[in-house]
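Please work from the sequences and hints to get the whole structure.
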Amino acid sequence: MSNIAGASGATPGSAPGPSGERRGSEALHFARRNPKLLIGLTLVLGFLLLGIIGPLFVDHGPNQYVGPQSRPPSGEYWLGTTTFGQDVWAQFVYGIRSTFLIGILGGGVAFLIGTAIGFLAGYRGGIVDEVLNMLTNVVLVLPALVVLIIAVAYLDARGLVVQAVFIGLTTWPWAARAVRAQALSLATREYVDLARLSGRRTWRIITTEIAPNMSSYLVMSFILLFGGAVLTAAGLDFIGLGPTDGVSLGLMLENAVAWSALQLGLWWWFVPPGLAITVIVGSMYILNVGLDEVFNPKLREL
Amino acid sequence: MLELSHVHKVYRVGAFGGGRKRAVRDVDLTVRPGEVVSLIGESGSGKSTLGKMVLGLTRPTSGRITFEGTDISTIKSFRAKKEYHRRVQGVFQDPFSCFNPIFKADRVLTMIRSSYFPDVSDADWRDRVVSSLRTVRLDPDNVLGKYPHQLSGGQLQRLLIARALLLDIRMLVADEVISMLDASTRIDVLNLLADLKERGLGILFVTHDLSLGTYVSDTTVILRKGAVAEMGPTREVFDDPRHPYSRHLLSCVPQLHRSWAEVDAQLAAEEPEPVRLPTLVEGDDSAPMVEVGEGHFVGADQG
Numbered sequence: 004m005s006n007i008a009g010a011s012g013a014t015p016g017s018a019p020g021p022s023g024e025r026r027g028s029e030a031l032h033f034a035r036r037n038p039k040l041l042i043g044l045t046l047v048l049g050f051l052l053l054g055i056i057g058p059l060f061v062d063h064g065p066n067q068y069v070g071p072q073s074r075p076p077s078g079e080y081w082l083g084t085t086t087f088g089q090d091v092w093a094q095f096v097y098g099i100r101s102t103f104l105i106g107i108l109g110g111g112v113a114f115l116i117g118t119a120i121g122f123l124a125g126y127r128g129g130i131v132d133e134v135l136n137m138l139t140n141v142v143l144v145l146p147a148l149v150v151l152i153i154a155v156a157y158l159d160a161r162g163l164v165v166q167a168v169f170i171g172l173t174t175w176p177w178a179a180r181a182v183r184a185q186a187l188s189l190a191t192r193e194y195v196d197l198a199r200l201s202g203r204r205t206w207r208i209i210t211t212e213i214a215p216n217m218s219s220y221l222v223m224s225f226i227l228l229f230g231g232a233v234l235t236a237a238g239l240d241f242i243g244l245g246p247t248d249g250v251s252l253g254l255m256l257e258n259a260v261a262w263s264a265l266q267l268g269l270w271w272w273f274v275p276p277g278l279a280i281t282v283i284v285g286s287m288y289i290l291n292v293g294l295d296e297v298f299n300p301k302l303r304e305l
Numbered sequence: 053m054l055e056l057s058h059v060h061k062v063y064r065v066g067a068f069g070g071g072r073k074r075a076v077r078d079v080d081l082t083v084r085p086g087e088v089v090s091l092i093g094e095s096g097s098g099k100s101t102l103g104k105m106v107l108g109l110t111r112p113t114s115g116r117i118t119f120e121g122t123d124i125s126t127i128k129s130f131r132a133k134k135e136y137h138r139r140v141q142g143v144f145q146d147p148f149s150c151f152n153p154i155f156k157a158d159r160v161l162t163m164i165r166s167s168y169f170p171d172v173s174d175a176d177w178r179d180r181v182v183s184s185l186r187t188v189r190l191d192p193d194n195v196l197g198k199y200p201h202q203l204s205g206g207q208l209q210r211l212l213i214a215r216a217l218l219l220d221i222r223m224l225v226a227d228e229v230i231s232m233l234d235a236s237t238r239i240d241v242l243n244l245l246a247d248l249k250e251r252g253l254g255i256l257f258v259t260h261d262l263s264l265g266t267y268v269s270d271t272t273v274i275l276r277k278g279a280v281a282e283m284g285p286t287r288e289v290f291d292d293p294r295h296p297y298s299r300h301l302l303s304c305v306p307q308l309h310r311s312w313a314e315v316d317a318q319l320a321a322e323e324p325e326p327v328r329l330p331t332l333v334e335g336d337d338s339a340p341m342v343e344v345g346e347g348h349f350v351g352a353d354q355g
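Chains as they are written, first to last, in the working numbering: chain A, 4 to 305; chain B, 53 to 355.
Please note that a few of the clues may not be correct.
[Claimed, not checked] Here are some chain B residues pointing at chain A (derived, C-beta under 10 Å):
# : residue
1 : ARG116
2 : ASP146
3 : ARG215
[Claimed, not checked] In silico lysine to any residue, SDA-like type, Cα no more than 25 Å apart, as pairs:
#  : chain 1 : residue 1 : chain 2 : residue 2
4  : B       : LYS104    : B       : ASP270
5  : B       : LYS128    : A       : ARG204
6  : B       : LYS133    : A       : LEU189
7  : B       : LYS133    : A       : ARG192
8  : B       : LYS73     : A       : ASP132
9  : B       : LYS249    : B       : LYS73
10 : B       : LYS104    : A       : ARG192
11 : B       : LYS128    : A       : TRP206
12 : B       : LYS133    : A       : THR205
13 : B       : LYS128    : A       : GLU79
14 : B       : LYS73     : A       : SER188
15 : B       : LYS133    : A       : THR191
16 : B       : LYS133    : A       : ILE130
17 : A       : LYS39     : A       : VAL284
18 : B       : LYS73     : A       : VAL131
19 : B       : LYS133    : B       : ASP80
20 : B       : LYS277    : B       : SER95
21 : B       : LYS104    : A       : ILE130
22 : B       : LYS73     : B       : THR331
23 : B       : LYS133    : A       : ALA214
24 : B       : LYS128    : B       : ARG111
25 : B       : LYS104    : B       : VAL344
26 : B       : LYS104    : B       : LYS277
27 : B       : LYS133    : A       : ARG207
28 : B       : LYS134    : A       : GLY128
29 : B       : LYS134    : B       : SER100
30 : B       : LYS104    : A       : GLY129
31 : B       : LYS277    : B       : GLU94
32 : B       : LYS128    : A       : ILE130
33 : B       : LYS277    : B       : SER303
34 : B       : LYS128    : A       : LEU123
35 : B       : LYS104    : A       : THR211
36 : B       : LYS104    : A       : THR210
37 : B       : LYS134    : B       : GLN145
38 : B       : LYS133    : B       : THR122
39 : B       : LYS133    : B       : SER166
40 : B       : LYS73     : A       : ARG192
These aren't lab readings, by the way, just hints derived from the structure by calculation. Note that CB positions come from ideal geometry on N, CA and C, so glycine has one too.
Here it is in C-alpha cells:
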C-alpha cells in the first residue's frame, strides 16, 4: 500500500487533485522495475532497430548473387551465403524489416477493425450487436487463405503493403469476437453506468472505462494478430503469391526448405530467420505479461 | 417533480430473445420536491430497475416518466442528457463495482469536474471536494489518492454520495445506499438524506430494509413482482398495512422485545377489515389499485 502513495511522487494527502494525470508517471515507475517488460521490450526494440538500421549498411540487394555459394558465416558474410551465393545477412535484415511491416500493418488493420466492431457490438448490444455479430460470423467462416489466394492472384501490383492489408481484412473476426465477449461483460459494470451519469460520451466510455480494463488483453490480441499475419504472409510467400521483389523471414525459411538447406547442413540459412520469428513473437508475449503487471494495480501489489 | 405513469419494463430473455421477463408492471408514482419516497421490495421485485429507468440508464417498455414536466424519453441528445444528469443523480447498490478497479477512487469526482465544471480553478475545486467529503463524514486524507480495493465498502459508498453532492442535484436515486454501512455511519447517512430533503431535494430511496424505510421516508411504496402491492404515506402503510404481502413483510422485521411467536399471534389477532383486492386479468398488463384511505392504495394480490 505504501509503495502506491510513494509512487505518485508526493506525500499522501497532498495529492487530492486530479489523479488521472499522475497515472502516467506512476505507470512509468512500475514499468522501470518490471524485468519481464524490460526484457521483452529490449528484444522487440532490438529487432525493430535491426530491421530499420540494418539494411542501411548493406550496399547490395538482398536477392543479389554476390558471393561464393554455400559458405558458412565468416567475417565477410556474417551469416554466410545461400546455395546461390546470396548474402544471408542482407536477406535477414531486410526480412526483419518486412516482417515487422507485415506484422504491424496486417495485425494493425485486423486489430483496428476487430476492436472497433467488438467494442461497438459489446457495448451497444441489441440489434447493433446482432448485425455486427452476423457480419463477424460470415467473415469468420470464409476460408481466409482461399480468399487471399484469389484476391492476391488477381492483383497486378503485389507489394508488401497490399499483402498486409489483405491479411488484415481477413483475420479480424476472432479478435472482434474476443473483444466483444469482454466488452459485453465490462459494459454491465456499474462504473460504466456511473460514467454515463457523469456526462461521458459513448466513445469516451469505451476508451477510458472499458478499454483500460482489458488493455493487456488488447495488447495480447495485437500480438497474436501480429504473429498470425507474419505466418500467413509466410504461407502466401511459399505458394508464390508473396511480394515479387521483396524478401521476408518466411520467404527465407521456405527457400531454405525448398533448396534442402536442412539436408545439406546449411544451418545458417534457416536458423536465423526461424529464431528471429520465434524471438520476436516470444518476447512480445513476455512484454505483454509485463504490461499486465504494470497496468493492473492488483497484480503488482502481490 | 418526478412522475411515473403506467411504467412497464419487459426484458427479452432466452437464446433468441423469445422469452419475456416482466420486471416492472404498471407502476404509478410521484416524487415531490422535499419528499423522500422509499421503494421497498424483495430482491427481484423491480426496484433497482425502476431506479435505472428514472436515471435514464434503461428505457421503459411503455409508460411515461416525466421530470419537471418533460418526458425523459424525449431527452435524446447528448447535451440534454448531460443537463438532465446535472439535476438527477444516482448512487448505486454495489460500491465495489461502481469504481473502475484500475483507477484511483477519487476519479469519480474528477470525472464530474471535467464534465460539468471545466472552468473551476484547482483551489476552488479542492474546497468543494473537501466540503462534500466532510458532509458525508469522510476524511479527505484517508480516501483521496487511494485505489478502490484499498477502501472499505462504506467509504466507497459515501464517496459516491459525495460525488452526487458535487452537482447541484434536485433529485437523487439512492439505490441501497446504506446496505454496506455499519450502524453508526448508517445513521449519519440517513441524517444526511434528511438534510438533503430539507434543501428541497426529491429522493427515491430504494431499499429492502423496512426499518430504514420508515426512518426517513414520507411515502412508502411496497413492490412485489414488479407491481405496486401497497402505496401510501409511510405512517399509514406501516401502522395499518392492508395488503397481505405488506402485512407479512412487516411481521418479518425482527423486534428486540418480542419473539416470533408473539408477533404471529398478534398478527392473527389484529386482522384488519378485509379489503377487496383488485384482481389481475389474464392477458391484461395493467395492475389496478384500490384506494383504501387518503392517498393509500392497495394493489392486486399476486399470490
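Among all the numbered hints in the text so far, which are the ones the structure does not match?
1, 9, 13, 25
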